[in-house]
Structures are given as structure tokens and as C-alpha cells.
Amino acid sequence: MTSPLPAEQQGSTDSAGRSIPDPDRWSSLLRGSQGAAMHPDALHRLVSRTTELLQLAQAEEDALDTGAAAEAGALLVESHFTDPDLLAGAIGLLQAGGPGQLRCAELAGAFAAGWAEALRERTLQEQEAIRLAADTARREAERALRESEARFRALFESAAIGIGIGDVEGNILAVNKALQDIFGARPGDMQGRRVNDLVHPEDSPGVWEAYEEMVSGKRDHFSLDKPYYRQDGEVVWTHLTCSLIRDDDGTPVYQVAMLEDITDRYRLQERLRHQATHDPLTGLPNRSAFFERLEAVFDSPEPGARFGLCYVDLDGFKVVNDSLGHEMGDQLLAAVALRLESALRPLGHLVARLGGDEFVVLLEDCRGEQEAVAAAKTVLAALAKPVPIDGHRLAIGASIGVLERPVAATTPMAAVRAADLTLYRAKEEGRGRWTLFDPQRNARSVSRYAVSVRMPVALDRGEFFIDYQPLCRLSDGSLSAVEALVRWRHPQLGVLGPDEFIGTAEETGLIMPLGRWVLEQACGQAADWVRQFGDRAPQINVNLAVRQVRNAGLVTDIDRILRSCGLDPSRLQLEITESAVVGPKDESLRALHSLVDMGVSLAVDDFGTGWSNLAYLRDLPVSSLKIAGSFVSDLKETGREQQLGWRIVGGLVSLSHSLGLTVTAEGVENADHATRLRQMGCDRAQGWHFGRPARPEEIVRRIMEEHDLKPDK
Amino acid sequence: MRRPSWVPEGMDLDRPAAARVYDYYLGGSHNFAADREMARKAIELWPDLPLIMRANRAFLRRAVTFLAQQGFTRFLDIGSGIPTFGAVHEVAREFQPDSRVVYVDKDPVAVAHSRLLLEDDKACAVVDADLTDPQDLLSRPEVAELLGAGEPVALLLVAVLHFVTDEQDPEGILATLRDALPPGSALAICHASLEGRPDQAETHQALYRRTPTPMKMRSAERINRFFEGFELVEPGVVYLPQWRPEEPAAVGEHPERMVGLVGVGLLP
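Chains as they are written, first to last, in the numbering used here: chain B, 133 to 845; chain P, 65 to 332.
Please keep in mind that the hints were generated in silico from the structure rather than gathered at the bench.
Each residue gets a CB set at the ideal place from its N, CA and C atoms; glycine is no exception.
Watch out, some of these pointers could steer you wrong.
Not close to chain B: a few residues of chain P, all C-beta gaps over 10 Å, as computed [as the list claims (entries may be wrong)]:
hint, residue
1, H177
2, P247
3, V302
Derived CB-CB ranges, DEER-like [stated by the list, open to error]:
hint, chain 1, residue 1, chain 2, residue 2, range
4, B, D217, P, P332, 29 to 37 Å
5, P, H318, B, L264, 36 to 44 Å
6, B, D217, P, E259, 26 to 34 Å
7, P, D243, B, A286, 31 to 39 Å
8, P, I107, B, E210, 35 to 43 Å
Some chain P residues judged to face chain B by a derived CB distance under 8 Å, without partners named [what the hints assert, rightly or not]:
hint, residue
9, P111
10, I116
11, R118
12, E311
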């Protein structure tokens, strides 16, 4: 690089005769400093100008132009040559003439003063500028903060949701307008109040625990529905969300509560819930509400807790309903409900309507049997006076099953069932009374209960089977017929006889498929025996229930069954009870005639236990009569009674014969009776003396024995 | 979408700020005690720092000059800091008098200072935004206006990407910015490398970890990949003094001692 110094420039020289500063070293000094960041052309211009100024300062022999030297220094600062090392280097170059040269020292001093002055000025300016920038930035930040605060205040004040702020000690510090509105409070009403004052008896369990956990920092928020008292004492329901605000160290400092008024929603829910849990007619809790409450009793009970149930059924309600109409019946139910409610509610008991004319009283925390009985007596007393409705004075009573038990001893379902069964005992024992639960009787009732519940599936599962009981000719004791007796092998109760479940089967309608099944089985069995033993096979007797006799399909059914198993109709005798036929114009009479026309014979079963209308024996196409077992089995007694009994039996036998009917005596348990009956001319006998109901194999064995047949035929 | 800044971040002049520390390195007085303390400590540990900063400033000047000579009139300078001397608009206008520059920084003091300086310059704007939220940055009206004209824009990321941590995903930020640039735009990067002075890298980064802007020096390979999607102009990615020096002598014997790797790429 050539020297930037113009040729004509005058100036000092160093001891070697070079000008001061040395142009090359000056240029190199600047390039090594801030010049590195500059464009080479700009640096070149700076080097030229500063050298020029320094030369100019030395132009006069006698007086140094300190101003020019200072300007050179200032120019460098202006171009950002602010590094102290640069100043040191520059002074070195300016003093190159040697320490003895005063002018050089003076030059360096003037340059340094100019540099320092400019640097001080520049530093102050820059400090001022950066301070100004910092202040501006701070003001901007503060303005933004104020705006933010204003925004928050506006948000807080005009939020549609109620917002309250409190400290962790529970002091309410601020609430917004919406929260004042929710609480119906004026500004200032909430100030100074404490969060803990805002309790309500319907606060859900756990709300205050959650609150304590939050303010102690164990949780950061919680949310739930909570009622509050408004300033005017009304209740307002809110959805509450509480959050904790911590400081930078994580210490809880504030709590914020946000509340939404959900009173309308809550009331609607309540109404819907009321509708779902209350009986619309009486306004009492309904069945599901009752079970809910009952189950709550069983939900984590205190040790030794007891409860009571009064299962109430109105006596004679059906008569009112049938005779005076449903509307009257409904009014009566409503009136009864009102009486029960006003009599029992004050005692703290729950009255619910289970349906129809059934009500129940639930005694939670029952103190003992007496209390439950007292409740039942209260029910009876409440219904003692007639109920005036539309000018009628309706006398209505009730039967009550009372149950009082330790909670731990039972389950809700078992308790209600037991109370229900106890109620039926009350009904059986005569109405208008209460009956106390009796565990032993209950067990029996329960088995009846178990029968009806289980029966519908029992047929499908093949739980029924048939035993056969011999009917023997009294003349020679030979087997004349067998009676098919259905049995139920109940999985819990063991084998049940017909009298234990036929009643239920009749009630439930199961008698129809069951009866058909019995006919199919019995006829099939009889046909088998005929195939095996020909004429030596016994006639088959099958019982027909009342409902079966009245069933329009009976004739078709029997015809189909006989055909399908190939049994001669004359080998089938159907036993009907007196009650099967009501009178000469009964529809079922026609069916019975059809059966007889088909070749099937009919017998009247259990004769003497029912109405025993002798007149209808004349109309019925029966060929046989079975004297009820009680007539014969009662003959055990001696004396006058016994004579009378025999005389009745004898009368029945001769009556039957006079009508052209054969007679079978049931319940024959010993040989004496058999002899006496034979002497009276009775045709056949049935009873333990002639054989108990037995499995078909036993009957086969007996036929073979009687006819001296080999087992392996 | 960035959440509205409900409460502005506080200003803390007791903590060093990268922009003011940089100013001190360059011999300026736009700084406070905390900045100076930090800068002095850094220089004590690494005496080359002022030289490096000058080299960085020189690169910025050369890159802007190059781009202006190429016809660029729109510049987006992100991480502009405190424009002490040789500000982008001054350099660019030597060749393109109509140049428009949008300066972006997240340091409120740097932004305030720049605004005071540029108050009367209608072709320049200063935006307070953060590179690590490029969507927000691009949505600022001044930036959107600059990019929206469809004319090429020179994006300057000079000594700023190494203040973006890996968690903040520098590649993702670059992709977002690249997608917003009109065709023919340019990207200039200066980024502190690990390779230049491996002996200094750890202590220097440790020092910056105490500032609000920790520093992440990166490998040459990673820095090269920042130009994905751009075509590098000659001489590619090189050490600070090596990029288009005005005089061969200015490169020096050890350009790697300047640590910063730089390059300029053009978007096809």
C-alpha cells in the first residue's frame, strides 16, 4: 500500500527523517483496530484524513496547531476507534521522534486530549441514548402492564361469570359484579366476609375438605356444584370452580372462585328427578325412589343398625275400583297416601307407593320391633275412619306385613320379599291386621316363592318327571291302571310333589305347557307298555287342571298326542275335578263330550272335597268316580264317627253304581280298609296299601311279576 | 397462534442482554453495568472476542453490500440488536437508495433504541418479536408488508441463530421463514461454530447460560444444513473473514479463530 500522504505535505520528521506519524504504521494501526470492520475505501479515507490533520498540526514551526491534532483524535472516536489500545499505539507513533522532542510530546498530548474529549462526549451520548431507550422500553412495558391490568379489571368486572378473590386465610378480598348479582349483594356486602361463612346445609360431602386441601396447597383446584344463601335468604345453586394462586416460590397466596348461577338448571334437574322418583298420582316417592333409599340403608351401615319395613296392601280397594270406577279409585289412593304421609312422616319414616294399592313404610335406624309394629298400628289407625270422596264415605282397611331386622342380616331384595310374604300371611289370617315377620314361616313361603320364580325355566331344563301310582282292582288286587303324577326335581328344594307347585302353575299359566308335557309323557309311556304287554298293560290316568279343561285346544291336543304315540284312546282316562265344570251350559262340557266320543274315558277326581253337586254327575259324560282320600284315611277313628264315615263311603259307592259309574277309593292305607271296601262293592282302590307312586321301571317289574313274566322278555 | 401477552415480560437491566454485550465488544457505550461485567469476563477468558465481533460486523457489511449490488432493496434483519454503526439500511442505501429494512429484535431496550434512531426513517421499521415464534413474527404488519409485495427479500440471521436452542427447533423456524419468502429471496447466516475454537466453546456457552439468551454453538455440518432449500453463493459456508474479502490480506492466517461460520444462499 502506498503512503496516503500527499507529496506536498509539510511536517515533522522523526530521527530517521520520516514524517510523523509514519504513514504505513499509522495505517496499519487503524486497520488492526476498528478498521477491520470498515470497508477498505472508508478506512483509506480515514487514514488519509487523520494523517493530514496531524501533519497540519505541525505545519507552523513555532506554534503547534493543537486543534488539528485534537480533531484527528475526535475523528477516530467518531469512526468507533474507542479502544484504549488504539490510543496507546497512536501516542507511540506520534512520539516516534524521541522523548527529547517536545513538539512530538505536545502533538501526542493534543491528539490524546481530542480523542479523550470525543470519547467522553460519545460515551455520554451513548449512555444517554441507551438510558433513554431503556426508559422508553420501561414506559412501554408499564403502559402495556397498565393496559393489561385494565383489560383484567374489565374482564373481572364485566365477566358474566361470578368471580371472587380471597386470601388463603379465607378473607374475601374482591368480588365482581356478576358475583354480587348471584348473591343478591350490594357493593361492599361481600367485603370483609369470610369464605368459611358461606356454608350451606346441602353442601355436598367433601366440599370443605377439598377447600381446606386447596388453601393448604395440597391441591390446585376443585370444581363442583354448591348452594349458597343469597343476601335475601333465598338459595342459589352454583357451579363453583376454585383455583389456588401461588407466588414464584410456590407458596399459596390467593384463591380465586368462579361461580356460575345454575339455579334454573338445578331446579329443572330436581323437577326431573322428582318426576322420576315420585308417583304422579299420590306425590309419594315411587318404587325406584324407595329402593334407592332402602339400598342406601344397606350401604355401609353402622354396626348393629336395624331397619323396619311395613308392606301395606289396601283391603277391598279392588271393589271400590270395580264398582265406583278408576277415577274414584285414584282419588281414594291419593287420599290414603295423604293420610299415610301425614301420619308417618312426622315420625321420620318414609312412605312410598310401590304400585297399585301397595304402599311401603321404611324405618331407617329402627330401634326395635316395637317401633315397626307402632308404625303398622299408625297405618291402621290412619285408615280407620272412612274416606269421604264425592259424597261417598269409603271404608278402606289395610293388611300389613311388618319386618324388623338388623341390616346385616339380610339384603334389600330379600327384605322386601319377606315383607311381601308376611303381608300375604296377614291377608290369609283375615284382613285389617298386621303380621310380624316369622323366619320359619318365611322360609316355607320363600320356597313357594322359589317355586314360582323357577318354574318357567324348569320345563325347558327337564326338571320335571313322572311317577306312576297303581290303581288296583279290589276283586283280585290286580293292576288296573296307573295314575301319572308329575314331580319336580327342584335344584334347591329337592323333589317337589304336585300339590307343592300345581297351584302356582295354575296361577302362572304354566299349567298349559306342563299339562301338555305330562299328557305326552304319560301317553307315550302307556303306549310303550301296550307294545310290551298287550292287554296286560295298565290303563293310564292323567289329571286335567281346570285351566286345561277350559282350554279350547284341549281336544285337538289330546287327539294329536294319542295319534303321535299310537295309544288307543280307551286306554286313557282323564281325571277332572268337580270345579272343572260349573254347570250344564259350560263350554267345557262340549269338549268333554268330544273326548268321550273319541273313546277317552273321564273320571271325577277327589269327589267329596268340593261342592259335590250330585246333579251335574248326571250331565257329565264321566264313567268313573274317585272318592277323595280323606274319606277313607279318616276312617282310622273309632266309634260313631267311623260308622258314619263308612256309611258315607258306602252311600257314594252305591250312588255311583246307580249312575253306572265305576268307583275308585283313594287313600287306602291298610288291608282292613281294602277288605271293607271290597265288601261294599267298590271297584278299585289306590293308596299306599296298593303301591306308592313309583318309577316306570317299578311298574314294569310289577306287571311282569303279576303275570309271571321273565324280566328279559 | 401465540397467546396474547396479557402481562408484558418485565425489564431487568440487572441482567446482561446479548445486544448490549455485543455493543460493548464493539467498543460502544450502549450498555449497563451488568452488560459490561459480563462482557469483560468473557473477554478475559477469550481475548479474541472483540476481533470476532468486528469480523462479524464486517461480514454483515459485506453481505449487505453484496446483496444490494445484486439488486436487493428489501431486508429483514432479525436479531438486529443495537445498530451502532454500519446499520443495514446505511450500507444498503450506498447502492440501493430506496432500500427498506425491517429490524426485528426481542430485547425491549434494543427495540426502543432502534426506534429512537429510526423515528424519521419511513422506509425502516422496528418490530418487537421473537425469532422462536416465527408465525407470530411473520404476522406482524411491518414484516407481512415487507414480504407481501412479492419482491425478493434478503433475510439476515446474523449472529442470532446460535441463541436458538435445539428445543426451539431452529430447522423448523428456518423452514417456516423460508416458506414465507418470495422466490429469489436470500438468506444470510452467521453462526458460532464448535470447530473454530473447540477449547473456548464450552466456557463461552457456560457464560451465556446465565443470560436470558443462552448460546448454542453448532457444528459446521449442522450450520450448512440451515441453508436447505437455498443455493449457496460462492464461496459457500466459510469462516467470517473468508467470505468475499475486499482485500486478500484481510483473511489472515487463522480465519477459524474468528469462529463464526457464514454464508449467503439464494432461494430459487
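Results for each hint:
1. H177: Not fine: 3 Å to the nearest Cβ puts P/H177 too close to chain B.
2. P247: holds, 30 Å
3. V302: Since the minimum Cβ distance to chain B is about 17 Å, P/V302 lies beyond 10 Å and the statement holds.
4. B/D217 - P/P332: 29 to 37 Å: violated, 46 Å
5. P/H318 - B/L264: 36 to 44 Å: holds, 40 Å
6. B/D217 - P/E259: 26 to 34 Å: holds, 29 Å
7. P/D243 - B/A286: 31 to 39 Å: holds, 38 Å
8. P/I107 - B/E210: 35 to 43 Å: Once the Cβ atoms are compared, 24 Å apart, the range 35 to 43 Å for B/E210 and P/I107 is violated.
9. P111: With a closest approach of 11 Å, the P/P111 hint is violated.
10. I116: Interface hint status for P/I116: violated (10 Å vs cutoff 8 Å).
11. R118: holds, 4 Å
12. E311: At 6 Å from the nearest chain B Cβ, P/E311 passes the 8 Å test, so the hint holds.
In summary, the structure is inconsistent with hints 1, 4, 8, 9, 10 from the numbered list given earlier, while agreeing with the others.
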